[in-house]
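Chemist: Chain by chain, the residues run as shown.
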Amino acid sequence: MTRSMKVICPNGHLGFAPSKPESFAIGVAAGPDIIAADSGSDDVGPGPLGSDTSTSPLAWQTHDLEMMLLAARKAGVPMIIGSAGDTGTNSRVDLYVRIIRELAAKHGLAPFKLGYFYSEVDKEWLRGKIRSDDPVTGLDARENLTESELDATDRIVAMAGVHPFIKLLDMGADVIIGGRSSDCAIFAAPAIRAGYPEALSYYLGKVLECASFCAEPYGGKETVMGEITDADVSVTAMSPAQRCTVASVAGHAMYERSNPFYEYVAGGCLDMSQCHYEETGPQTTRVTGPTFAPVERVRVKLEGAGKVGERYVGIVGVRDPYTIAHIDNVIDWAKQQARERFGNEPYELHYTVYGRDGVMGAMEPERASTGHELAVLVQGVAPTAELAEEVCMTGSRQMFYARLPEVKGTAGSVAFALDEVLRASPAYRWTLNHTVAVDDPLELFPCHLVTIGH
Amino acid sequence: MTRLTDLAKTIRSKNAGTDKITFDIIFTNRANYERVKESNAINRASMAALYKIDEKRITDLVCFDPAFAIKFTILRERPSGSAGDADIFGAQQYAPLLSLDIP
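These protein sequence lines map, in sequence, to chains A and B.
Using the working numbering, read the first sequence as starting at 1 and increasing by one per residue.
Using the working numbering, read the second sequence as starting at 1 and increasing by one per residue.
The shape of chain A in the complex, shown without the other chains:
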């Protein structure tokens, strides 16, 4: 009989929205060998990494961890989580470890082994790399990392490949909480460890990482199951309302990736250009043909975020058609008042003009066809909250005083729904999207194992 390994995934970003329990129960009943999910994304912007917080609510994180933990312990199969708490920072790993510990106590679970690894990168270690003859290489047209950009960074995580997951499974972990990880490595690791071909293992991970995003019709947070053999990967929707079709599975290879044919991980590149897709059941599609090209020297991807400053926002409305047609002059006027007031202080003032090009900015093709009214979002950013508030107030209120030569309304150029500016989250930016070479793929991912329960 052909051997196989079944992996179920209930959620493409654990915690961001709760998983649906019905299709998860169907997945559990199908007898999986592994229950796994990714809990992270760089989609949420640089704020959570920079400020070391989650965007996902604790209640939703706990909901899904509880559902997976109870099912995995009952079935006696490993549970694997990667990129804990959106960002995979050390504090997020510790948070998930604490949640698992509390859930085990709450449900009186029999003792089990919990493995976890960290992903944060020490800035001084990285400074050493910058100074070495093997630079920290920029991705996506970025320059190589400089020390000044490193200095502007608050927090860095490295993206783990399969290595720490395999190590923790080798150490006997029943439950794994991972720091920042390549989505597909979370699922590929147990398959590679079991001796399945690397290419199919990484493909299994690639197709499962977003859960039901590889199924149709669209349904958020439903469970899917991937089954790997030595010859193929089959993926099946667990929700009765969904199917994994050639179109949906192939289509998923494109999602959030710049190219549908290649997926880079720490250790090599998955090539999906020769994949063959075939529907083999009412909810199942079978995939063959991916290849994997390992690299000689492992390069690990790094994400870093740095704080730019405190931030306030203001909202400004405009109705006068002449003012709308000359809104850039009004904005320039307000910017000039800010320059005169704050001179060389380090501040930023941003204007987003909804009703003209608010969503697309410079890429908006229909910039000339403005609405009959505009809303302008004003953002003031500065090192202190006091200065950010004053910058934003100046940038908003001075629009009221802008005087265009031919405007008839001389009492005020804009409308305020609120005569105040509002404190927003601090502004951060992505400072690192780079790779660094390592001698040992485990070097950046220290692994720990503890026993939970009595």
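Don't read these hints as lab results, they were simulated from the structure.
Any given hint could turn out to be false.
[As the list claims (entries may be wrong)] Now the in silico label distances, taken between C-beta atoms and shown as ranges:
no., chain 1, residue 1, chain 2, residue 2, range
1, A, Thr55, B, Arg35, 40 to 48 Å
2, B, Ile53, A, Thr53, 49 to 57 Å
3, B, Ala86, A, Asn329, 20 to 28 Å
4, A, Ala424, B, Ala49, 44 to 52 Å
None of the values given here were measured: they were computed from a predicted structure.
Glycine is no exception: its CB is placed at the ideal position from the N, C-alpha and C atoms.
Position chain B relative to chain A; hints supplied.
Modeler: Relative to the frame of chain A, chain B by itself:
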């Protein structure tokens, strides 16, 4: 004139990492896919012109037969979520594609 929205079932944009936005155009069937592919209406130059960007900012443009899809990716002007970026997820940048004329 036929518009792209009449031939595709999905036209979407989304972040591809922190520095790029990727666009997926997925067709209802093979015939529509082949028609648009052969029309060459979607190429690096036409997309750069539509979005008023330098062609060098288009990093990928591929036809993806198994999914009946055409896909291209652009470099962002600044990383996602920087102050002043109005589309952190890159999810609303596809709109100009809807009315693209297909000869």
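Chemist: When the hints from earlier in the document are held up against this structure, which numbers fail?
Modeler: Hints 2, 4 are the ones this structure does not satisfy, whereas the remaining hints hold.
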